[in-house]
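Engineer: The lines below spell out each chain.
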Amino acid sequence: MTAITPTLDLRRYVGRWTLRTAGHAGRFSFLILDLIRGILEWRIWLPRTIEQTLAVGYGSLFIVLLVAGFAGAVTSLQTGYQFTGQLPLYVAGGVIVESMILELGPVLTGLILAGRIGARYAAELGSMRVTEQIDALESLGRSPITHLLLPRILAGVLAIPALVMLANVMGIVVGYVTATSSLGLTYADFEYGARYFFKPLDLWYSLIKSYAFALSVTVIPCYIGYNTQQGAEGVGRATTQAVVAASVTILLLDTILTKLILGAQ
Amino acid sequence: MIELRNVSKRFLDNVVLDGVNFVVHRGETVALLGPSGVGKSVLLKHVIGLIKPDSGEVFVDGLSVPTLGRRELSELRSRIGYVFQNGALFDSMDVFENIRLGITNEEQYGDEQYCEERVRECLRLVNLQPDVGHKLPAELSGGMRKRVGIARAIAGKPTYLLYDEPTSGLDPVNADVIDALIERLQQEIGVTSVVVTHDVRGSFRVADRIALLWQAKIRAVGTGEEILASKDPAVQQFLERDFEMAVIQADGGGSGGGERGGGAS
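Protein sequences appear in the order of chains A and B.
The working numbering puts the first residue of the first sequence at 1, with every later residue one more than the last.
The working numbering puts the first residue of the second sequence at 1, with every later residue one more than the last.
Keep in mind that a hint or two might mislead.
Stated by the list, open to error - A few chain B residues that face chain A, going by a derived Cβ cut-off under 8 Å, partial list only:
#1 SER78
#2 PHE84
#3 ASN86
#4 PHE90
#5 LEU101
#6 GLY102
#7 ALA180
#8 LEU181
As the list claims (entries may be wrong) - With a straight-line cut-off of 20 Å between C-alpha atoms, the simulated DMTMM-like cross-links for lysine to aspartate or glutamate are:
#9 B:LYS157 with B:GLU106
#10 B:LYS135 with B:GLU121
#11 B:LYS52 with A:GLU138
#12 B:LYS157 with A:GLU138
#13 B:LYS52 with B:GLU72
#14 B:LYS52 with B:ASP13
#15 B:LYS52 with A:GLU98
#16 B:LYS217 with B:ASP13
#17 B:LYS135 with B:ASP94
#18 A:LYS259 with A:GLU98
#19 B:LYS52 with A:ASP135
#20 B:LYS157 with B:GLU75
Just so you know, the hints here were simulated from the structure itself, not pulled from any lab data.
Remember, it's a predicted structure, so these values are computed and weren't measured experimentally.
Ideal Cβ placement from N, Cα and C applies to all residues, glycine included.
Throw the hints in and build the complete structure from the sequences for me.
Structural biologist: Here you go:
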């Protein structure tokens, strides 16, 4: 008897997990289809998208620039620590620019925004779900997809790549300033190093990553928030899940895109 | 006409509706009585397609609600006003915008002057001053929130009004105000209404017919007199319990209570 019970428990656990995963896959697929269908109803989502874009863009600008600035300064100092005396100083220019554009700008911005925008979207939609505001919208014959989800997702897709580009610039500028003051790097050396290592593909790579991260930071939290259940506790759980899921997806996509785009070079 | 035929619904192991048959004829007001948590709101949400039955059929104006496509369902919902238990007002919008969203005709919704007049008219119908329109839902009392919820539900000039516990959580004076409002709306705009409630006295006041949902089934349906004359022990138990509440309140024991009890006679 004691041998049977754990087996049954395991089967039940696996069964429930499979059903839950299949349920999520189905709901997520339908959500994506509804989002694509909803694009045609631009009269509804366009004004709300502009509102959301301004809120997301301006609201996140300070923290994104702050983090990018620190990332640029630390990259500069660590480059100095590792390379001084072994490699020509202009290499620092290349390392700072490439690190910011290829990795730190998009990934750090993505992770910061997973916390800031992802948590906000999941909490907003989750609260609306548990207080029946989403049901109320549906009862009025209006689609929550075009009124609530699409404007949020499109706002992220518009604002996040712009924020990533600004983060890249901020990181490079602060990195350069730090390098000149602590390593004695001249502007000519910095520019030479930056140009020596830079390829136009790097900028495309940064932009492609930023769009992929923008979708992770918006679509996943919107899905989780939209399907929130069980009151205030459910909203808290949805918010945490949204941030974790968006962050993990960013890291996963970072690896996949690096392999696909840079690994093929 | 609203018609539920043999509708069953369960959530996990909890059977909420078990072969429910329920009809509401055009122009009448039916109160759906039953203890808290018995599934009255679930039944009401079937009518507007927010919940689909596990089995059975739901018809509104001859249309099978669970099988309607997105557009047809949206069109049907524009003819039904739904008053949510806690108002379900959109907390990021002021009262004016909340009520305006209830205008389901897109042409009228886009006409600023029409919206201004219609919102003012709806506020008048629910006994609220026009200046309430500038307030946010968080600035309103519970009773005002319920009335704004009703104003939003009638803004689209629906042919059906579904009230989900319109007087729950209100003191007796405010509950009477809402009951009087339901009666007056019935006379002024002549809608077909379903009032879900566990308030016996209020239901006898507003309804042409009363139905009792008891242990997942419709236990009794009839006019107030027929329900009072019923020999069914479940009906008598429900009416007597409510009568006892009224006695407690009359003795002063329940005067500060949030929810209202009332004599059935």
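Engineer: Answer holds if the nearest beta-carbon of chain A is closer than 8 Å to that of ALA180 of chain B; otherwise answer violated.
Structural biologist: violated, 24 Å
Engineer: Checking one constraint from the list: CA of LYS217 of chain B to CA of ASP13 of chain B, max 20 Å. Satisfied?
Structural biologist: holds, 16 Å
Engineer: For a C-alpha distance cap of 20 Å, please report whether LYS52 of chain B and ASP135 of chain A respect it.
Structural biologist: holds, 14 Å
Engineer: Do the numbers back the hint for PHE84 of chain B, that is, is its least Cβ distance to chain A under 8 Å?
Structural biologist: holds, 5 Å
Engineer: Can we keep the LEU181 of chain B interface hint, with Cβ of chain A closer than 8 Å?
Structural biologist: violated, 19 Å
Engineer: Closer than 8 Å between Cβ atoms is the bar; does GLY102 of chain B clear it against chain A? Give me holds or violated.
Structural biologist: Since chain A brings a Cβ to about 6 Å from GLY102 of chain B, closer than 8 Å, the hint holds.
Engineer: Does the CB of LEU101 of chain B sit less than 8 Å away from some CB of chain A?
Structural biologist: holds, 6 Å
Engineer: Is it true that the CA of LYS52 of chain B sits at most 20 Å from the CA of GLU138 of chain A?
Structural biologist: Between LYS52 of chain B and GLU138 of chain A the Cα gap is close to 14 Å, so the pair holds against 20 Å.
Engineer: Holds or violated: LYS157 of chain B and GLU138 of chain A, Cα atoms, limit 20 Å.
Structural biologist: Cα-Cα ~17 Å, so holds.
Engineer: Are LYS157 of chain B and GLU106 of chain B close enough, with their CA atoms no more than 20 Å apart?
Structural biologist: holds, 13 Å
Engineer: Given the hinted pair LYS135 of chain B and GLU121 of chain B, is their Cα-Cα distance within 20 Å?
Structural biologist: With a Cα-Cα distance of about 17 Å, the restraint between LYS135 of chain B and GLU121 of chain B holds, given a limit of 20 Å.
Engineer: Hold the hint about ASN86 of chain B up to the distance rule: shortest CB distance to chain A must be less than 8 Å.
Structural biologist: holds, 7 Å
The structure does not agree with the numbered hints 7, 8 and 15 stated previously, though it agrees with the rest.
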